[in-house]
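2 protein chains.
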Amino acid sequence: MADAAVRSKKPATSKRTPAGGAPTAPHTAAEASEARIDLDRVTDMLLGTWADTRREAREMIKDPAFWRVDGLSMDEHRERVLSQMHLLVDNGGVHRAFPAEYGGAADNGANIAGFTELVAADPSLQIKAGVQWGLFGSAVLQLGTKEHHDKWLPGIMSLEIPGAFAMTETGHGSDVAAIGTTATYDAATEEFVIHTPFRGAWKDYLGNAALHGIAATVFAQLITDGVNHGVHCFYVPLRDENGDFLPGIGGQDDGLKGGLNGIDNGRLHFDHVRVPRTNLLNKYGDVAPDGTYSSHISSPGRRFFTMLGTLVQGRVSLDGAASWASAIALDIAITYANQRRQFDSGAGSDEVVLLDYGKHQRRLLTRLATTYASIFAHDEFLQKFDAVFSGQADTDEDREDLETLAAALKPLSTWHALDTLQEAREACGGAGFLFENRLVGLRSDLDIYVTFEGDNNVLLQLVGKRLLSDFGKQFKGKDAKALAAYALGHTAGKVFHGAGLRQLGQTVTDFGSTARAIERGLRADQQHELLAGRVQQMVTDVATRLRPASGLSPADAAALFNANQSELIEAARAHGELLQWEAFTDAVNAVEHAGTKHVLTWLRDLFGLGLIEKHLAWYLINGRLSSQRAGAVSSYIDRLCLRLRPHAQDLVDAFGYAPEHLRAPIASGAEQARQDEARDYYRVLAESGGAPISEKVANKR
Amino acid sequence: MADAAVRSKKPATSKRTPAGGAPTAPHTAAEASEARIDLDRVTDMLLGTWADTRREAREMIKDPAFWRVDGLSMDEHRERVLSQMHLLVDNGGVHRAFPAEYGGAADNGANIAGFTELVAADPSLQIKAGVQWGLFGSAVLQLGTKEHHDKWLPGIMSLEIPGAFAMTETGHGSDVAAIGTTATYDAATEEFVIHTPFRGAWKDYLGNAALHGIAATVFAQLITDGVNHGVHCFYVPLRDENGDFLPGIGGQDDGLKGGLNGIDNGRLHFDHVRVPRTNLLNKYGDVAPDGTYSSHISSPGRRFFTMLGTLVQGRVSLDGAASWASAIALDIAITYANQRRQFDSGAGSDEVVLLDYGKHQRRLLTRLATTYASIFAHDEFLQKFDAVFSGQADTDEDREDLETLAAALKPLSTWHALDTLQEAREACGGAGFLFENRLVGLRSDLDIYVTFEGDNNVLLQLVGKRLLSDFGKQFKGKDAKALAAYALGHTAGKVFHGAGLRQLGQTVTDFGSTARAIERGLRADQQHELLAGRVQQMVTDVATRLRPASGLSPADAAALFNANQSELIEAARAHGELLQWEAFTDAVNAVEHAGTKHVLTWLRDLFGLGLIEKHLAWYLINGRLSSQRAGAVSSYIDRLCLRLRPHAQDLVDAFGYAPEHLRAPIASGAEQARQDEARDYYRVLAESGGAPISEKVANKR
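Chains as they are written, first to last, in numbering that gives the first Met the number 0: chain A, 0 to 700; chain B, 0 to 700.
Simulated from the structure, these hints should not be mistaken for laboratory data.
Just to be clear, a hint being listed does not mean it is correct.
Copies of the same chain look alike in the list, so a pair counts if it fits in one copy or across any two.
As the list claims (entries may be wrong) - Calculated cross-link-like contacts (lysine to any residue; reagent style SDA-like; alpha-carbon spacing at most 20 Å): (1) K695 <-> S294; (2) K596 <-> A523; (3) K383 <-> T48; (4) K464 <-> S549; (5) K464 <-> G308; (6) K150 <-> D285.
Excised from the complex, chain A in its bound form:
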């Protein structure tokens, strides 16, 4: 089976177009009357701004040395990934983000683009590389100053200094501000004393901590002169040349995980470990030899968020890797669904190709649409990230926008990846459960993406708070009456039993209308209005309900906020979905080729309507859709699936993956060969006259 894995999807013995037996739609775009997509152009669109870097990275990982080998023990897998890290260094694949004076390319966008492609090789490699150069290295680069750069960046870049990023603690994950580790300044010796005061303050889940890390960037509460200045980052050596912990340092292996077992995650604790004063990465806050604290950011809160903000690239790369992992899943499942047959249609013809089933189209094509949206949104996100980190557009507001974008998109794309990998696995049945077909392995590895670099729900809550604060700014200086009037205006639909004036008009117009007419009422502009209107109203609703909080006791205010937490998170999700929809639409609008524009518009519509269908109850309750139009959404989606079905293979081929990236025997053309062989067998048997007749036929004679 191993050699089959890297074959072309279409075996030489077979055409992609099977004969006969298609009750629902043409199988390929070539058979359909409509124009088809310009495949290369769509690949260019998907690869995005840093297409060249992505192509380079994909070329590099065609080498099997970079591939995950299934069935390795944890220890073997860890060693393999470490050796792949060195291979990355040798291939010049890790320097793009670092400054030119250290041999880097100072190209932040390209750096993330290249890294995210590693997910196709082995997610453990992607994440371990992310730990070394994206977190540990970035902390030194972004939080440190020249002295630190000169001293440590070369070794970090070359992997002479493998390091851990020691932020998370057993007791505190997403709430970094509350970590327990302390770094107390001792002016007598000009040292910081790094200390773990209790078990919950052990650093935990740190890549490179269990085995390979010889240093760490440790986050701790900086205390000097009896004042806690909040969380700062310190460079702390961990192990000696024999790999043994230095005095005062201890740790524990996190052991086997649900995935990413090529990474040696572990725990660390510090018993009054002393490091020189200058090991404080002091770009945003410093301590003078006499113990005086200084920072050019006076607000401790803003300082904290600025420091953490420099580490946003973790979220950028998870967003990209998750989006492309979804693409791999659909490339495998849709290719298989285009070849695999099961059950005859009842039409007396051949067995039906899976992708001809209405339910199967629903399962895979809707997720294909979301994957396109996610990839397009990721490229915009990456552009924003690059603009901020290159200094091209780096105001406080830009940084805040970037943070919000990261917090909105990373949850959506990582949850989508898990959902898509699982649906693809189920759509491939038992074959999907075999490790060789990639889906279960990728799903296990990506599982943790939804809670690391910020728990998805916590991130969405951050987005929700930002939306509330932007909403509040509209009313700065205005009194409560203005807010009340505004809120009333936006919830008018609700007051009138979910049937506001505008919606009543819609009902009248739709009554007796044809499906086509309803479709006209669900095109791009209307989709945007529905999606954007939902965000706006949800935020308004939550803000209105939270307004009394200012007059309440802290405990009651907290309870009020808590009662609205779920809906605030939903509003944030709606905001992220809108961003994805807009990115998809921008991409479609930029297309000139007619066939491409046609097909991608359907796919974008499928994405937009899929969102509207998901939230249909909200639209109805809030009087934004008549029940007639709402009832038409699902059948419109079914029709879009039928229209897109002939283009499905083109749309996954456009991801641009080679057999060396997919490596799934079921997507290699092997299934088509099996189907052809079986059909040939029955045909030859029938022609020979020696085929047994069925009992039913025999009984009739």
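Go by the hints and put chain B onto chain A.
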């Protein structure tokens, strides 16, 4: 950490009730003013009809010899599970289903109850035992006759004959009728010739096939005298005493899978392998020495379904195991959420216990309600199964009902288990991703439950077809007009813009009403009406749309069916949900203890309203709920979560699991100990006067 895993949830140093900082609700039922559940009584209810057997099985698997050991290689895990199988035999844990004359207990219900409990030990053991005694052994017992029983049952029961159940083929999974393997009768030698005509007809994914099986029950097309009598089952020896394949037999290891790696799944193929005529398991169809075929079931279709129907117990045990795996997941996640703190509430007090967050309650308590529903429904399912297989109620109709019940419940409980294990994993953050905390391992192992023993979507489609056929029976002999009138009556709501008369009245009543009044409108009777009405209308709608099919060409009729496939599957799902709701309600109604009844009624309401919320758009579009009442559903759910929150620990404790079953360090009380230690540290520090002050406070001075 290993010893912590089997500690009590509540460490001696701590109470379950933490002091202070609870902005939303009492933490425990003891603190709340309401009566609490009678814990032992609820455990009895959950353990159900075969509670004693379940208790026996749970006692047996307290022995670590039965536990899954994480991190074993595939080969080691396979060997361990094989040795556990022998241990099961030694402990008398596998004989319950077999006839008394072979040393069995002839107790089908108890047999499944006992087996499903093995999921807490290692799902690989549960499934491998299921393969040996539930599938391979059952095929011999249910499809064979006395000669077969005498010859093979003793060895199967004692595990002297480990065997494979060779039904599925690479090319055909759920569509068993279409398998390619042939068994052609040769009257000259009085033998069947078992043959694999092409690659797609290899048997695949068979437990015990890669290594341990020395025989198999092989399903093949029975051909005699040039007539194919359809799929029958044959007993075929596979391997000699050295473990080598017998002549003509070949195979392949399926290799690493996404889970269940303690089972040696593999492929088998046959090159004109001859077995004696009497190796046909001939209960439902036989071939005389001269080649004459006979069966007491004349219809080949009914014969096929009767034979397959005897194997329903696979689905019964998956349903049970999945339901109880969900219970384990929630026991772990809710215990942790009751101890773990993260972020302060903004109320200036302590950090908030996770389960006090509105979103966290939503995530876990709704799934707790579904798990109760699933367990109660499983017990009714098991009773039905037992009645049929004991012969107590074994008509054709009973068997058909049992099949439908299996096809409706197994999809719901297995998908629910994956959803719950994942949500529990995410709710436990990074700790949830560690293998030692059980959630990722259980999820990997249960992944395949949703597509084996019948792909969930295919099963639901079967249910849908049964619903359609029952619907059709109402109109037997009546003409199309009657159907049309009926359909119109049932969709009247739709015709009047989603606002039929009854619903208009509802709107008027609800307008200006309080939350309490709306709650009264969403109690048990109304929940039932809404859930049952939805099934009825969905079936009617699909039937009405399919009606023109009889006048169409086969291809057009197939296309029409295909266009309605998604909705038919949804109708079947709605039917399964209704069955679960009814089972939950029956259980609640049987309770006498007031506190228990109170709390379980809330939980049942949470389940019912959760279903209604999930399908809210449907209720609105179809005019079954006013938008006002619909709008109230979500906030009612939030209130129910708040009410249930103090009872959450009781409700998971009632599952009756001991530390030896949960084995998750995070649910062992270790987290509470860590939280207590951290709080003590800060308290002592504050009392010492040596605590650093915050920069904010310092700046104010």
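Within, between, both or neither: K695, S294 at alpha-carbon 20 Å | Result: close only across copies, 14 Å inter versus 88 Å intra.
Tell me, please, which holds for K150 and D285 at an alpha-carbon limit of 20 Å: within, between, both or neither?
-> Intra 18 Å, inter 84 Å, cutoff 20 Å: intra-copy only.
Pop the pair K383 and T48 into one bin, within, between, both or neither, using alpha-carbon distances up to 20 Å.
-> Result: close within a single copy only, 11 Å intra versus 61 Å inter.
Using 20 Å as the alpha-carbon threshold, which applies to K596 and A523: within, between, both, or neither?
-> within (13 Å within a copy, 52 Å between copies)
Which holds for K464 with G308 at a C-alpha limit of 20 Å: within a copy, between copies, both or neither?
-> Within one copy only: 17 Å inside, 56 Å across.
Can you tell me if K464 and S549 fall within 20 Å by alpha carbon in one copy, between copies, both or neither?
-> Within. Shortest intra-copy distance 16 Å satisfies the 20 Å Cα cut-off; inter-copy 57 Å does not.
Violated hints: none; the structure is consistent with every hint.
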